[in-house]
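**Q** Given next are the chains, with one letter for each unit.
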Amino acid sequence: MSAVRTPRTDSPEAPAAPLDTTSAWSRWANHHRKWLFAAPAMAFVAVLIIFPVAWTGYLSLTDAEGSVRAESEFIGVQNYLDVLTDTDRFWPAVWRTVLFTGVVLFFEVVLGMAIALLLWRPFRGEKWVRVAILLPLVATPVAVGMMWRLIFDPNIGMANQLLGWIGIGPQPWLAGQHSALPTTMFIDIWQWTPMVVLILLAGLTSLSDEPQEAARIDGASSWQRFRHVTLPLLMPTVIVAILLRGIDALKTFDILYATKGRGGGSFHEVETLNVYAYGLSFDYNDYGVSSTVLIIFFLIIIGVMWALTYRKKGLGR
Amino acid sequence: MSLTACGGGDGGGDSKTVRVTLVNHVWTENIKKALPEFEKQSGLKVDVTQLGEDQLSDQYNVKLNAGADDLDVMMYRPLQEGKLFGKNKYLADLSEKAKADSAFEVGDFQAGPMQATTYEDKIVGLPIITEQEVLYYRKDLLTKSGFTAPPKTLDELKAQAAKVEADNPGVAGFVARTGKAAAVTQFSSFLFSFGGDFVDSSGKATVNTEQAKQAYAYYGGLLRDHGPENISTDMSWSEAMAIFTQGKAAFYTEANSLYKNATDPTKSKVVDTVGFAPFPAGPAGSKPYNIPSWALGVNDSSENKDNAWKFIQWAAGKEQSLAQQTAGVPGARTSVWANPASTATLPKDLAEANAASTANGVGHDRPLVVKVAQAREIVGQPIVDAITGKDAAASADTANAAFQKFLDDEAK
Numbered sequence: 003m004s005a006v007r008t009p010r011t012d013s014p015e016a017p018a019a020p021l022d023t024t025s026a027w028s029r030w031a032n033h034h035r036k037w038l039f040a041a042p043a044m045a046f047v048a049v050l051i052i053f054p055v056a057w058t059g060y061l062s063l064t065d066a067e068g069s070v071r072a073e074s075e076f077i078g079v080q081n082y083l084d085v086l087t088d089t090d091r092f093w094p095a096v097w098r099t100v101l102f103t104g105v106v107l108f109f110e111v112v113l114g115m116a117i118a119l120l121l122w123r124p125f126r127g128e129k130w131v132r133v134a135i136l137l138p139l140v141a142t143p144v145a146v147g148m149m150w151r152l153i154f155d156p157n158i159g160m161a162n163q164l165l166g167w168i169g170i171g172p173q174p175w176l177a178g179q180h181s182a183l184p185t186t187m188f189i190d191i192w193q194w195t196p197m198v199v200l201i202l203l204a205g206l207t208s209l210s211d212e213p214q215e216a217a218r219i220d221g222a223s224s225w226q227r228f229r230h231v232t233l234p235l236l237m238p239t240v241i242v243a244i245l246l247r248g249i250d251a252l253k254t255f256d257i258l259y260a261t262k263g264r265g266g267g268s269f270h271e272v273e274t275l276n277v278y279a280y281g282l283s284f285d286y287n288d289y290g291v292s293s294t295v296l297i298i299f300f301l302i303i304i305g306v307m308w309a310l311t312y313r314k315k316g317l318g319r
Numbered sequence: 181m182s183l184t185a186c187g188g189g190d191g192g193g194d195s196k197t198v199r200v201t202l203v204n205h206v207w208t209e210n211i212k213k214a215l216p217e218f219e220k221q222s223g224l225k226v227d228v229t230q231l232g233e234d235q236l237s238d239q240y241n242v243k244l245n246a247g248a249d250d251l252d253v254m255m256y257r258p259l260q261e262g263k264l265f266g267k268n269k270y271l272a273d274l275s276e277k278a279k280a281d282s283a284f285e286v287g288d289f290q291a292g293p294m295q296a297t298t299y300e301d302k303i304v305g306l307p308i309i310t311e312q313e314v315l316y317y318r319k320d321l322l323t324k325s326g327f328t329a330p331p332k333t334l335d336e337l338k339a340q341a342a343k344v345e346a347d348n349p350g351v352a353g354f355v356a357r358t359g360k361a362a363a364v365t366q367f368s369s370f371l372f373s374f375g376g377d378f379v380d381s382s383g384k385a386t387v388n389t390e391q392a393k394q395a396y397a398y399y400g401g402l403l404r405d406h407g408p409e410n411i412s413t414d415m416s417w418s419e420a421m422a423i424f425t426q427g428k429a430a431f432y433t434e435a436n437s438l439y440k441n442a443t444d445p446t447k448s449k450v451v452d453t454v455g456f457a458p459f460p461a462g463p464a465g466s467k468p469y470n471i472p473s474w475a476l477g478v479n480d481s482s483e484n485k486d487n488a489w490k491f492i493q494w495a496a497g498k499e500q501s502l503a504q505q506t507a508g509v510p511g512a513r514t515s516v517w518a519n520p521a522s523t524a525t526l527p528k529d530l531a532e533a534n535a536a537s538t539a540n541g542v543g544h545d546r547p548l549v550v551k552v553a554q555a556r557e558i559v560g561q562p563i564v565d566a567i568t569g570k571d572a573a574a575s576a577d578t579a580n581a582a583f584q585k586f587l588d589d590e591a592k
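Those protein sequence lines, which keep their order, are chains C and P.
Count along the first sequence starting at 1, add 2, and that's the number in my numbering.
Count along the second sequence starting at 1, add 180, and that's the number in my numbering.
Note that these hints are calculated values from the structure, not bench results.
A couple of the hints might just be wrong.
[To be verified] Computed footprint of chain C on chain P; a stretch qualifies when at least three of its residues, placed anywhere within it, have a C-beta under 8 Å from a C-beta of chain C:
1) 227-239
2) 551-558
[To be verified] If you want the footprint, here are the derived chain C segments under chain P, 3+ residues with CB under 8 Å:
3) 66-75
4) 147-161
5) 266-276
Even for Gly, the Cβ is constructed at its ideal location relative to N, Cα and C.
Bound-form chain C, shown alone (with noise of 0.2 Å):
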């Protein structure tokens, strides 16, 4: 960024004097110009980052219970050696939480791939069949959630009613305690494949020609010019395919809400981090242990995303 410019004096016509006449004011402001244009911006996180972010920090330091207007006592990192001994809930929220996320992620990453090296070049019907694949993704998740609970209805939902035409018995789907899980995962790549796609597809078409040209000439087959040529070229793409869908789908709430309701199920069977920490606040009103979960959890999305940003990092040296 270069310093105070100096008024242009090749023409008759441009004084000299606005620079002698410039306020102080003037000066100091153009000196810190990036720093006043990125105050708005700087407030904006401060208000609604940093300090949200702080008091829950705080929080988690204090027996907090009730109603956060109430006094509360600061026990330390007390919520942290409870939370983190936790094996009846904590815990097994944390597997959900990672399971969720790393199946959901697998099959969304393979299946948006799949379709869109599919959709790559051009076809005819093209433009329907986009549309088609990007209905899902401009739902609500409660509505999806809500949709997909009455079709998976164990007793009058139309799941059952198809795989009975088939000569299958009914499925539990989301009413199964073992089952619930897997078909939240179902729902959630029912949702977001599209997503992966659409990310996927943009990096595609702004691949260059040449390379695929130059390894179809070698005489590379189709699998070869994929893991050799596009996979390779694409990776940065995936990566932040991944690194968005992996943070969506770790913080995931609406789907599971809305199909197994609060505390995930009888069996807390979808119970996930984010899960566990709205029922402590919002039906246990633990404020104390809520935000000491929702603070480790915030440090491990901080960990997987500095991980994952490192790798793309990487990727492009």
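Following the hints, position chain P against chain C.
**A** Just chain P now, kept in the frame of chain C:
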């Protein structure tokens, strides 16, 4: 902060707009229709926010925690949130206003419901809706199986459910709520009728007494053996009611306030064949709950308390209470119950069931604690364990230990 001086905005002070938060309920639909009459009478404008039960609860949690003053009148659940709100001083003391108005006659409210809306001797709410648990059943299926009357005891209920189920493939003998927390309120009548309760008179947890274990085993067993084929453990009233109104169950125990779902032709396929009966008697008799499910209170941070009270005076007054009860929403006013016109529009058997439940009823349907949601999850665990075929007695022992710890923590 008041904006009145600046021209009477909606911000507070003695604003002419009363902001009322109500839950999705038949009562709310009725009151909304009557609102123009109140607005004309009082010169006030009523701004209604209507939410689902969970969303209402979440909104209170956020707004009251933040000390927001943009809620004036709050429709709340005395047994669910009453103690929490009272303890946190979220509800304004209405004692003086309520007692000062002789036409409003606060003494006309039934004692049990009033007790639930009183915190530390202060009236913090006025009960508007009461609920009793009754038995919904299918008259046609009973006749087909040779029964001339609905079951009077829990043993008969089990026997009739088994017979009807056997005679009608694809129809469950019995349906009821199965969600861990959701089922607790409806399970409570079974618990009381077996002679149990959640806590004893000294405040000790009693969900593992012999009576409680029998009640858990009975409720869970009935759903497991004679419930819908693919039973889930997440059903609240809407799912259970859907199964019943789709004609897929013979018996259903539920709050009477939901009866219109079964008798409304747009919602139910069993309109012509649905019957109502008092809650069947267990070893300790027929002891359904009889509770104040909803009340109106005033946000203590509101700066429009006088006008908020005017709304409550009207909405919980004698005239509106009679109109509501006539329209099928049971209230808490003695004078209204004494008026035959208030129940004349109900199905005859439902009116009789209501009367029986009101006479024998127990005043609570969940543990009366501050953190009710957490307590419901603890005492509800044996219900879902029984439904899924686990050892209900062992689960009741575990639940009792957890519940006692919960009570001890809350007493600290």
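**Q** For each hint, tell me whether it holds in the structure or not.
**A** Results of checking the hints against the structure:
1. 227-239: holds (count 3)
2. 551-558: holds (count 4)
3. 66-75: That given contact holds, which follows from 5 residues of the stretch 66-75 of chain C lying within Cβ reach (below 8 Å) of chain P.
4. 147-161: Holds: 4 residues of the stretch 147-161 of chain C have a Cβ under 8 Å from chain P.
5. 266-276: holds (count 3)
In summary, this structure violates none of the numbered hints.
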